[in-house]
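> Could you put the whole structure together from the sequences, leaning on the hints where they help?
Top to bottom, those sequences are chains A and B.
Sequential numbering of the first sequence, starting at 7, is according to the numbering used here.
Sequential numbering of the second sequence, starting at 24, is according to the numbering used here.
Simulated from the structure, these hints should not be mistaken for lab results.
Warning: the hint list may mix true and false statements.
[Unchecked claim] Okay, derived cross-link-like pairs now, DSS-like style, lysine-lysine, Cα gap no bigger than 27 Å in a straight line:
1. K107(B) <-> K73(B)
2. K9(A) <-> K73(B)
3. K146(B) <-> K9(A)
4. K277(B) <-> K69(B)
5. K230(B) <-> K10(A)
6. K9(A) <-> K149(B)
7. K10(A) <-> K107(B)
8. K10(A) <-> K146(B)
9. K163(A) <-> K277(B)
10. K149(B) <-> K10(A)
For clarity, every value in this text was computed on a predicted model and none was experimentally measured.
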Amino acid sequence: MNKKYIPYLLMLPIMVYTLLLIVYPLLFSAVLAFKKFDPISGLSLFNMKTVGFKNFIKIFGDNAFYESLFNTVEILIIGVLVQLIFSFLIALALNKKTTIYTGTALTLILTPLVMPMVASGLTWRMLFHIEYGAINGIISSLGFNSVNFLGDPSLVKASIILVDTWQWTPLMTLILFAGLKSIPEEIMEASKVDGANSLSTLLYITIPLLRWPILVALLIRITDAWKMFDYVEALTGGGPGYSSQTLSYYVYLKGFRRFELGQAASVSWIMLIIIYIVCLILVKILKPKTGESF
Amino acid sequence: MKKNNFSNVVAQLFIGICALFFIFPLLWTISTSFKPPNEYYSSPPKFFPKNPTIYHYHESFFPQFIDLNYSKKQAFWVEEAAGKANPVTPALVNSIIVTFGTTILTLIISIPAAFALSRYSFKGGKDMAFFLLSTRMVPPVVMVIPFFFILNYVNLVDTKIGLIIMYVMLNAPVCIWILKGVFDGIPKEVESAALMDGCTFLQLFFKIIIPLSKGGIITAGLICVFFTWTEFLFSLIMTRKDAVTLPVALSSFKLDRGLLWGMMSSTIVVATLPIISIIFVLQRKIVTGIFTGSEK
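Below, the structure is given as structure tokens:
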């Protein structure tokens, strides 16, 4: 057998899979975005009526779309920023030489990662409960009025951010802590010898050296937060009103509750294009300058 | 020096509070799953159950073993406010089968592909690798609509096979990237020595490469288990009755009239068990990986 074909042979299963279950679905969804689904024509793409850009026009005229977009962006930006700062602080604290039980503390901090996202959404829904929830129990035992975390439109996004932060700060901490550990001691000592105080060491040495881990953590979290669905379904179902509806949830409702599959496909493509551009920009900004290897 | 001590105390305190914050919800759920309804429907809530019971585990997984007189006998019992839900045992079985099938199939597809990407430089190899990686960025709702059509064409909606086929596609890219890293770590001399000794390609693959990368393959498999076990959106849309998985069954405890606290928390506890065990297996690897990384 010719040796040249071995890698192609080994790649064959994944290539077939990719063609059938990534390339074909993507093309399908791109075509579907310009079609109108109705029950009579059935699920065949050829029988569906082509409606051109009508799907997009309809969506851009839909207030719920804008609200979902702003909700998603708000939850993403605030959530990821909070998580980045929070996990950075934890990683710095864990990295202190005098900290005892670092391993145990890290294990305890990692517990949220064991829960399926739906399970943690439902757990927090129980904790948030206005009458019997643990958090309101604590609040009322301190003498305050109980808070309607999920029923108040002005609080519901903050509640979702809290759940997201609870579950995903640990992962970010893990990445940043690993990054901190890999900074050579000598650099830190040299900066101390040169008389840098801890703040300027942090700003001019630690953070620049952590560029790559921060980029990885941000990319993972931003792509995840952009597609947030599970928490919304488990905690609020998008309500009250549209105040906690995310784009993924909007697509789900459009596609599988109202069966506007064409419109749903076009919204999903808008989501894909936006996240693609964001990722490109992020990599451009944070990529180490040429010459550094990563 | 004194200032330094102060900042250390603050750091320790901070870590302690964080650990408490991160572990509290799981502990609370475990405690709720052992409470009878009149204890979790009480205000203010107490952390420790006064009359612990495993009734909710029976109710969720083995309703046939419930002693019908039990709830009558208990004076403290109140009716579950939200109503009733079906037991989740079938969903648990489905989840186990789907997770197992997905993991095996993903590994079968990923191992050769990762090996090819790691050892051979061939036309299009790099592009293929990056294309696979970039699919992780695609929001799942983009794929879920066409997948729904595809599964409909081939009549696999609401079947475990349909779910497995989809999940393999979602997991394979990540697995291939992990395994590529693992294979990159095996020195090439091992192979050339084996080939020199007259080893055939298949022998090389099964007798040398696979045993050498066992740890990495297990890690990739466990990550696949994790993603499959917790996946919700695809399962929600592609299943109706027969192939419902655990996360979807969990969300069915969220009834119009409220939550089924007891059944829900007992199912959450069971749903987290496999991942807890995975973390236990991986934890030493993760933590020591971080610590040894520093001593390079």
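> Give me the numbers of the hints this structure contradicts, sorted from smallest to largest.
Going through the list in order, the structure violates hints 2 and 7 and respects the others.
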